[in-house]
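Produce the entire structure from the sequences given, and follow the hints as far as they go.
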Amino acid sequence: MNLWVLSGILVMVAGFALKVNPLLVVLLAAAASGLTAGLDPLALIAAFGKAFNETRYVTAIWLVLPVIGLLERHGLQERAREFIEGMKGATLPRLLTGYLLLRQLISALGLTTVAGQAQTVRPLLAPMALAAANPESEDEAERVKAMAAATDNVGLFFGEDIFIAIGSILLMKGFLEQQGIVLAPFDLSVWAIPTAFAAFAIHSLRLWRFGRRHQR
Amino acid sequence: MIGLPFVYWVAGLVFAASGALSARDASNPKRWVNAAFWALLAFSMFAGDWLGDLGNGALVIVLVVVAAFGGLGRATVLDDTAERQDRAARHGNRLFLLALVIPATALIGTLAFKSLPEVVDAKQVTLVSLALGALLALGIGLVWLRDTPVSAMQEGRRLLDALSWAAILPQMLASLGVVFGLAGLGKVIGTLMSGVIPDGSRLGAVLAYGLGMALFTMVMGNAFAAFPVMAAAIGLPLLIQQYHGDPAVVAAVGMLCGFCGTLMTPMAANFNIVPAALLELKDRNAVVKMQVPTALPLLAFNIALLYWAAFR
Chain A
4 MNLWVLSGIL VMVAGFALKV NPLLVVLLAA AASGLTAGLD PLALIAAFGK AFNETRYVTA
64 IWLVLPVIGL LERHGLQERA REFIEGMKGA TLPRLLTGYL LLRQLISALG LTTVAGQAQT
124 VRPLLAPMAL AAANPESEDE AERVKAMAAA TDNVGLFFGE DIFIAIGSIL LMKGFLEQQG
184 IVLAPFDLSV WAIPTAFAAF AIHSLRLWRF GRRHQR
Chain B
-7 MIGLPFVYWV AGLVFAASGA LSARDASNPK RWVNAAFWAL LAFSMFAGDW LGDLGNGALV
53 IVLVVVAAFG GLGRATVLDD TAERQDRAAR HGNRLFLLAL VIPATALIGT LAFKSLPEVV
113 DAKQVTLVSL ALGALLALGI GLVWLRDTPV SAMQEGRRLL DALSWAAILP QMLASLGVVF
173 GLAGLGKVIG TLMSGVIPDG SRLGAVLAYG LGMALFTMVM GNAFAAFPVM AAAIGLPLLI
233 QQYHGDPAVV AAVGMLCGFC GTLMTPMAAN FNIVPAALLE LKDRNAVVKM QVPTALPLLA
293 FNIALLYWAA FR
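Chains as they are written, first to last, in the working numbering: chain A, 4 to 219; chain B, -7 to 304.
Think of the hints as simulated: they come from the structure by calculation, not from any bench.
One should not assume that every hint holds.
[Said to hold, decoys possible] Using C-beta positions, here's what the derived DEER-type ranges look like: (1) A:89 - B:184: 53 to 59 Å; (2) A:23 - B:132: 40 to 46 Å; (3) A:88 - B:277: 51 to 57 Å.
[What the hints assert, rightly or not] Calculated Cβ distances over 12 Å to all of chain A for the following chain B residues: (4) 15; (5) 20; (6) 27; (7) 51; (8) 60; (9) 86; (10) 110; (11) 165; (12) 166; (13) 176; (14) 191; (15) 194; (16) 195; (17) 242; (18) 257; (19) 302.
All values reported here derive from a predicted model rather than from experimental measurement.
Beta carbons: idealized from backbone N, C-alpha and C, even for Gly.
Rendered as structure tokens:
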């Protein structure tokens, strides 16, 4: 067993701890694990380049930014605040819990990229959360925005696996099939339901307590 | 047939416009660094398929050198809050309508294009619909709000500059995962993990599998990378074959233990680091810190569920 290939992980941890530019850390980690595994340097660069080219869809999501920027220029965030301030009973926990539930339900239908950090959190949810919380300090505003982002992630992760054709379900089905265990996607996705309820319960309890500390 | 190349062209145009506008921005002392970074990214979107593997590898290295040693600057866009409030009052709720055009088009497109495989690549319906939604919202927005494409691109550049290098970190980490796989990292970790379980302990095996999924996901930044490793090391040989656990529960709940790990790691950059940049938070890890108190009790729930439900 070649333990040297673990050097890539050490590079990642050390690089993040020393606050080296993360892009550089990723390249160095790839070099450390790849070279100690005996890959030829040129083959290693080619392998990284191929993977980079095939995962461009991850970065292509930023094509939504000009529209969101345009809407912000015309007052989207200000409007979102006014809207929430005009609503009676729009407390921070109610707003975020409602979003959590909606995000889980939509993700469970397989529509994972309909909402997201760029699509909905930055333009809508974060300004609405700020308006509902009316934070007194910048630190408090940071925490409210971070909680809005966290709520989107929790809703996505613990909703999507209920959908039968999502990547992770297909990955599990493929893995088990290679081991001679044949399951329908539904057998797997039904086991995501208890955790979806638990995630909703735990996170909305946290939102309620968070709201008591941050409510105006 | 419309597929990913269309999406890459739209994204490439956005990055190219940001590069050109950066080059002309005399108020940014690092304007040439920003221009080079966004132009290289545009080049990758337009020409990536013709560059070859080695060419793409060289492109990545140049991109990283520019970002790490050049140091990206920021667009200084005039921020007139009073004027924005004025405009907000004038436009009213139609701003929300425009903001909802993107998700609505993505939703309708995803459902509608599935039955039109000759028009839109069936595997890419959501991404294609998302790009169409962005274009549609931009078109309606420019007419409705009476603004110019250049100011939309300036605003896009402002947001891209706020993201800075974090814009490509998720793509870099995905590529790193592939290289880690080639290097055989997963097998080594799997072998090490299976060595720490006490013999004959079903609870020990469940704990090692659940915690291992979360920890290895934190290292790799991705539960998809962790699952085949931990399932092959512990899930399959011990939980399923030796202790006769239900394979559906072992696989599904194991994956969810991994998702708890995703909430707790800066390595899952697109969920944890990118939002911090997008929301302009001072602390890069603010979102991770906010998620840990949800992730830990949920991980405990998942491990308990695994223990009870797999061995009913």
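- Query: Broken hints, numbered, in rising order?
  - Reply: 3, 7, 8, 9, 11, 12, 13, 17, 18 and 19
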